[in-house]
Amino acid sequence: MDSKYIRNFCIIAHVDHGKSTLADRLLEYTDTLADRDMQEQVLDKMDLERERGITIKAQAVRLKYNDYELNLIDTPGHVDFSYEVSRSLAACESALLVIDAAQGVEAQTVANIYLALEHDLEIIPIINKIDLPSAKPDWVKEQLMEVGIDPDEAILASAKEGTGVENILEAIIDRTPAPAANHQKPLRALVFDSVYNSYQGVIAYVRIVDGSIKKGQKIKMMANDYVYEVDEVGVFNPEMIEIDSLDSGEVGYIIAGIKDVKNCRVGDTVTLAENPASEPLPGYKKVKPMVYSGLYPTDNSDYEVLKEAMEKLQLNDASFTFEPETSEALGFGFRCGFLGLLHMEIIQERLEREYDLNIVVTAPSVVYKITKENGEELEIENPAEFPDKNEIEEIREPFVEADIHLPEEYIGQAMKLCENNRGIFNDMQYIDKSRVSLKYKMPLSEIITDFFNKLKSKTKGYATLDYEPIGYKVADLVKLDILVNKDPVDALSTIVHRDNAEPKGRSLARKLKELIPRHMFKVPIQAAIGNNIVARVTIPAQRKDVLQKCYGGDVSRKRKLLEKQKEGKKRMKQVGSVDIPQDAFMAILERGED
Amino acid sequence: MVFSKKHDFLGEITQPFALYIHIPFCTEKCSYCDFYSLKYKKKILKDYLKSLKKELKIYSTKIDSKIKTIYFGGGTPSLLSPKSIEEILNIIYENYLVIDNIEISLESNPSSLTKEKIIAYKKVGINRLSLGIQSFNNDDLNILGRLHDRKKALSMIKEVDKQFSNYNFDLIFAIPEQNFERWKANINKVKEINPPHLSLYNLQIEEGTMIKKQIDNNNLKPVTNELDAKMYKHAIDKLKDEDYIQYEISNFAKKGYFSKHNLVYWRYEPYLGLGPSAHSFTTKTRFSNYSSLEKYNNHLKKDKVPIENINSLNLQERMSEKMFLGLRLKEGINYEQFHSTFNKKLNCVFKEEINDLLEKDLLIEKDNNLKLSQKGKFLGNKVFIKFV
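Keeping their order, the protein sequence lines are chains A and B.
Following the numbering used here, the numbering of the first sequence begins with 1 at its first residue and continues without gaps.
Following the numbering used here, the numbering of the second sequence begins with 1 at its first residue and continues without gaps.
Some hints here could point you the wrong way.
As the list claims (entries may be wrong) - DSS-like cross-link-like pairs, simulated, lysine-lysine; straight-line CA separation at most 25 Å:
id	chain 1	residue 1	chain 2	residue 2
1	B	Lys46	A	Lys549
2	B	Lys386	A	Lys549
3	B	Lys382	A	Lys570
4	B	Lys386	A	Lys570
5	B	Lys351	A	Lys566
6	A	Lys513	B	Lys382
7	B	Lys46	B	Lys123
8	B	Lys158	B	Lys322
9	A	Lys549	B	Lys230
10	A	Lys513	B	Lys366
11	A	Lys570	B	Lys230
12	A	Lys564	B	Lys284
13	B	Lys115	A	Lys564
14	A	Lys522	B	Lys386
15	A	Lys285	A	Lys522
16	A	Lys259	A	Lys288
17	A	Lys160	A	Lys185
18	B	Lys240	B	Lys115
19	B	Lys322	A	Lys549
20	B	Lys240	A	Lys566
21	B	Lys360	A	Lys564
22	B	Lys115	B	Lys233
23	A	Lys513	B	Lys322
24	A	Lys372	A	Lys416
25	B	Lys46	A	Lys569
26	A	Lys570	B	Lys83
27	B	Lys46	B	Lys212
Hints were generated in silico from the structure; no laboratory data involved.
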């Protein structure tokens, strides 16, 4: 295809502004999908994506409109996946910016605009949901002007009712720059996602930047120089359709007998083994897990099943890592690495749903660097493995620079929150006349608690957060241990700053008291630093637990109630003689009011 | 043909069975109730009675065993006139064999009783009356949404006591806001009245009920687990002093006044339940009727049995049910009887579970019987869940 007939675009939007519905309409309007194949959020293939209304994996689909070939790249939308998002955007020339006509410009809208501008994308603003009685398109236009978007360019639409879809398609063609045609240059294809399929191996989602690729050619992954032979190239329609070749400017897939997504990472550049490009495309990063937590089966006999399930998930997710570990309290399990908390929740939920496993996830931890008195250097990603404090010369923890965008009226609240989380003020700048960018240097460990939730609740959802690692800093940290029924539970240990240790110990003990059910005996819960008990609460013994009413012979109801109770018990982890529910291991994340 | 091959399980009733008749009508729904019930209306009741009579006749063609107890439960069975009760009983006598000295119970609400009605019920053949008293305290009664007050309760008990040698009343404890003193006063009142039978339940707060909403909105304070236990213990101790036998977790009676009907449930004997949402058990199969009165009526209009669910139990399920039902009884479960019923040895089938519970002092063994310990009575669910 002549590249002047190609348009590559993505859709960006604040949550719930109608991104998936608009994608559905574009597919329908261009007859990309037969009616019978149409379902809501058609590009979000995982049940989890549909339920949560989020996109986790990037998707691509080719739309035919008049003589044009339009490639829509659907991107994930969460800070955990910001690197993946940036690679998806790098594969496009324009972005449809969808704004709810009733809600107006919101936090994520502005963040999205900056992201799009950073990647030099043409922004096509779309004021969606104009069918709503509360729609105020003129007000939205004024807002657009304030954030530097020409309101005259905005297209009014209702993805739900299908109005404006044709205008949007025309705008995509008129305003999106055609991709640069570099047919003669050596092949450079940007991998913006990769998935594993047990029949074909890795399917690399690519944007061809320079040159072209076809079946039978030998390709080289520029990150590791591995060479593969191309079995198939094709496009998404949205199902995969094989074609002869992919040329400069096009979006499609490559299958080349790659057995592991780790060898075909997002952001990597594919070139030809003979006549390779001299430089890879810019922006490749090998994403490394930012947070680690332990995953344990609640039933120890599920260990092997869990292991196999994680191996399968990993085939599709190069940023998820795991290795075996043992906990005195929890038995055999795994230390797993994730990009962030959402990534962790997704993996946990997929393991429980798709593999029918009950698992316990311990509170996430960052990687601490420790220099021991004897000069030994350690990297600790599990608080339970912290050395004795007498052996420690110095502890360093990872810091990030947090960039918070928010309306100016919330500055005070946000600054207070950052400072309560050991943030160090760095910079403050006005983005426009009412929005501010706040920059703080903060320990990553503080960010991975419920910091973002707190920030959102303090700013009515208007704040957006982005962060990037800036290295390690020395910190005065101690290990906080939790004893349940007098026995230390290693999986509940956590690393905290010395100044916060006691209040955190107290609030954690109180929280555990709420979460751990009553037993037939009293269960004391203690928080300790070294040999020092800093907090103690007691869960009183359960005095009575018996179904009394006889329901006129309805034994099945009685049975169901008992089964429910038994099932609840099974989902808990038995530590010593105490049953600890899954969420207790996460209790450290939820803190009292900061 | 009313019955087809799929109803062959009715042949599993080979011993005298209990007959339960469900009257799903109430004048008002109580705040804690989550059962199927309908607002009482004369016309609806009339249609219902027509269906019920047909249902009685239909089953009599398939079941030959004798009836050993009859129980009118609800809902509010005392909304039925004595004449209606008489008509139903007549149909039973015309179509079924019944044992001698059959126990015939009727549940009643004090608010729907009068002295005349009590006398008339006795006259038509009811020989055991059960009263939903729930509390003698007006604040408790208010929270429960009952239509009667203390005065009405006491006067009706007085009349029932005059007419019936065998009667029961229900009391509820652990009612939100209830303090120990109120409960103590209720038990003192029991001692004074000295009824032959007493059922004591702690209030279960069910999803979707009015009372649950009020608790969630912090308008009512639920009682603590400690207080619930203290109230139960108080009742057990005081009633023992008055020669009541706690023959089941929630049931207390003087010697000779155990509810024969209730014992059928716990002893794993067959029962036939009629009326919408009623449950039945053949000793091998459980089945239940449509909950909706409309569906129930429509089936019977077409001469079809209004059964919605049939669940045939395998051996494992039957043994498990036997355990969590039988262990509710004072007598517990007899090793030999278990063996002769299931052709399996109790201490083989549930060896680990029993040993664990004996060790935790939740079960005791006595005279070839396995039963709940005193502690086990309070923590029965910890025992029961081992067997499901």
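Results of checking the hints against the structure:
For the hint pairing Lys46 of chain B with Lys549 of chain A, the CA-to-CA distance comes to about 30 Å; that exceeds 25 Å, so the pair is violated. Note on Lys386 of chain B and Lys549 of chain A: the hinted pairing holds, with a Cα-Cα distance of about 20 Å set against a maximum of 25 Å. For the hint linking Lys382 of chain B to Lys570 of chain A, the alpha-carbon distance of about 13 Å falls within 25 Å, and the restraint holds. Of the pairs offered as hints, the one joining Lys386 of chain B and Lys570 of chain A holds, with about 12 Å between alpha carbons and a cut-off of 25 Å not exceeded.
The straight-line distance between the Cα atoms of Lys351 of chain B and Lys566 of chain A is roughly 19 Å, inside the 25 Å bound, and the hint therefore holds. For the hint linking Lys513 of chain A to Lys382 of chain B, the alpha-carbon distance of about 21 Å falls within 25 Å, and the restraint holds. For the proposed pair Lys46 of chain B and Lys123 of chain B, the alpha carbon gap of about 22 Å is at most 25 Å, so the pair holds. Under the criterion of a C-alpha separation no larger than 25 Å, the hint pairing Lys158 of chain B with Lys322 of chain B is inconsistent with the structure, at around 38 Å.
Simply put, Lys549 of chain A and Lys230 of chain B have alpha-carbon atoms about 18 Å apart, close enough for the 25 Å limit, and the pair holds. The straight-line distance between the Cα atoms of Lys513 of chain A and Lys366 of chain B is roughly 38 Å, outside the 25 Å bound, and the hint therefore fails. Simply put, Lys570 of chain A and Lys230 of chain B have alpha-carbon atoms about 29 Å apart, too far for the 25 Å limit, and the pair is violated. Distance check on the hinted pair: Lys564 of chain A and Lys284 of chain B sit about 23 Å apart at the alpha-carbon level, within 25 Å; holds.
At most 25 Å may separate the alpha-carbon atoms for a hinted pair to count; Lys115 of chain B and Lys564 of chain A exceed this at roughly 45 Å. Restraint check for Lys522 of chain A and Lys386 of chain B: satisfied, since their Cα atoms lie roughly 21 Å apart, inside the 25 Å limit. Restraint check for Lys285 of chain A and Lys522 of chain A: the C-alpha separation of about 52 Å exceeds 25 Å, so the hint is violated. For the proposed pair Lys259 of chain A and Lys288 of chain A, the alpha carbon gap of about 20 Å is at most 25 Å, so the pair holds.
At roughly 43 Å between alpha-carbon atoms, Lys160 of chain A and Lys185 of chain A are farther apart than 25 Å, so this suggested pair is violated. Restraint check: the Cα-Cα separation between Lys240 of chain B and Lys115 of chain B comes to about 31 Å, which exceeds 25 Å; the hinted pair is violated. Straight-line distance between C-alpha atoms of Lys322 of chain B and Lys549 of chain A comes to about 17 Å, which keeps the hinted pair within the 25 Å bound. A distance of roughly 33 Å separates the Cα atoms of Lys240 of chain B and Lys566 of chain A; the hinted pair therefore is violated under the 25 Å criterion.
Restraint check for Lys360 of chain B and Lys564 of chain A: satisfied, since their Cα atoms lie roughly 22 Å apart, inside the 25 Å limit. For a cut-off of 25 Å, the pair hint linking Lys115 of chain B to Lys233 of chain B is broken: about 35 Å separates their Cα positions. The straight-line distance between the Cα atoms of Lys513 of chain A and Lys322 of chain B is roughly 36 Å, outside the 25 Å bound, and the hint therefore fails. A distance of roughly 35 Å separates the Cα atoms of Lys372 of chain A and Lys416 of chain A; the hinted pair therefore is violated under the 25 Å criterion.
Annotation: proposed proximity of Lys46 of chain B to Lys569 of chain A is violated, straight-line Cα distance about 48 Å (limit 25 Å). Proposed proximity of Lys570 of chain A and Lys83 of chain B is contradicted: the alpha carbons are some 53 Å apart, above 25 Å. A C-alpha spacing of about 33 Å is found between Lys46 of chain B and Lys212 of chain B, which places the hinted pair above 25 Å, so the restraint is violated.
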